[in-house]
Structure formats: C-alpha cells, structure tokens
Amino acid sequence: MRLSSRVRPLAALSRTPARTASFSPRRWMTGSSGIPERPAWSVDQLLSSYPSPTLTSTTVNHLHELSALSPPQDKTEYQALQKELEELVRLVEAVKLVDTAGVEMYGRGELADADRQPAAQLNLDDCKQNLLRNAARTQDQVYVVHSERRR
Numbered sequence: 001m002r003l004s005s006r007v008r009p010l011a012a013l014s015r016t017p018a019r020t021a022s023f024s025p026r027r028w029m030t031g032s033s034g035i036p037e038r039p040a041w042s043v044d045q046l047l048s049s050y051p052s053p054t055l056t057s058t059t060v061n062h063l064h065e066l067s068a069l070s071p072p073q074d075k076t077e078y079q080a081l082q083k084e085l086e087e088l089v090r091l092v093e094a095v096k097l098v099d100t101a102g103v104e105m106y107g108r109g110e111l112a113d114a115d116r117q118p119a120a121q122l123n124l125d126d127c128k129q130n131l132l133r134n135a136a137r138t139q140d141q142v143y144v145v146h147s148e149r150r151r
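The UniProt record's numbering numbers the first residue of the sequence shown as 1 and each following residue consecutively.
Watch out, some of these pointers could steer you wrong.
[What the hints assert, rightly or not] The calculated label-pair distances, taken between Cβ atoms and stated as ranges, are: (1) Asp99 / His62: 30 to 40 Å; (2) Asp126 / His146: 19 to 29 Å; (3) Gln45 / Asp126: 56 to 66 Å; (4) Leu122 / Ser33: 39 to 49 Å; (5) Pro71 / Cys127: 55 to 65 Å; (6) His146 / Leu122: 29 to 39 Å; (7) Ser33 / Pro53: 46 to 56 Å.
Worth flagging that the hints you see were computed from the coordinates, not collected in a lab.
Note that beta-carbon positions come from the ideal geometry of N, C-alpha and C, so glycine has one too.
Taking the hints into account, I'd like the entire structure generated from these sequences.
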C-alpha cells in the first residue's frame, strides 16, 4: 500500500519542526507520539509584552487587611510577595485584554449539553401516572404503604 504525498506515517512526524504558540521561528521536537519533548511556550513568554504594574506597599497592606492576614515582617519575604502580587495583576490585566467579540457565553454546564436535543415537554399528569404504574399498591392515585408499628 502506498501513502499519498500528503499523508506521512507517524514515525515521519516524530521529528517535524513546528512553531511555538507565539509564532517565533524557534523550532521544537516531538516524541514518537507527536507530543512536544519540551514546552513550546510559557505564560512568562506570553506576558513578556505586557507592562508590569507596580503595587505600592500601601496597596499590599490594604490587601492584607481585607483578607484578614498579617503582612510578612521580613523585608525580603514582603518584597517577594509584592512582586508575586504584581505578576498576578499583570496576568489578570492580560486576560482582560483578550478580544472576546463573537465568542458565545455559556452558563455552567451549558456547553457540555450543547449537542443534546431539547428535552420534550413533559406533562405533569403523565409523569405522575408513570410513577404510580410502578407502585405495588395504589389507592385514589396515591401510593399505599403498609407498615406495622412495633413498640
């Protein structure tokens, strides 16, 4: 059997160079399964073009008050926390800049059910009758349960 020129066996794809998520000319290698051997991009790389915000010590202290936490006493630890918070703000601001025009919003669980057909309209009386049909005993469209009281 001969493969067409457009179709290559998996082994031929295992060392195919590709582009990174940011479309830089850097090439990366994939393993035999086609999965990259090293990450092709990183959050740091994507965020490098965004300006880094500056949080004042007043803001950091205010955040600690709001969260009912005490700020670190050690200056080095405090500065590390301040830097980490600045990076989080930078990430949030970058996410806020994403163009979502034309992207349909879904409520929780709606996307998972998007391929399902709309449910048929159910008649409450039909539901009651179907439930009662499974009962061992009914009387006047009500379940009858016999129980003996033990004292």
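A quick look at each hint next to the structure:
| no. | hint | result |
| --- | --- | --- |
| 1 | Asp99 / His62: 30 to 40 Å | holds (32 Å) |
| 2 | Asp126 / His146: 19 to 29 Å | holds (27 Å) |
| 3 | Gln45 / Asp126: 56 to 66 Å | holds (59 Å) |
| 4 | Leu122 / Ser33: 39 to 49 Å | holds (47 Å) |
| 5 | Pro71 / Cys127: 55 to 65 Å | holds (59 Å) |
| 6 | His146 / Leu122: 29 to 39 Å | holds (31 Å) |
| 7 | Ser33 / Pro53: 46 to 56 Å | violated (40 Å) |
Checked against the numbered hints above, the structure violates only hint 7.
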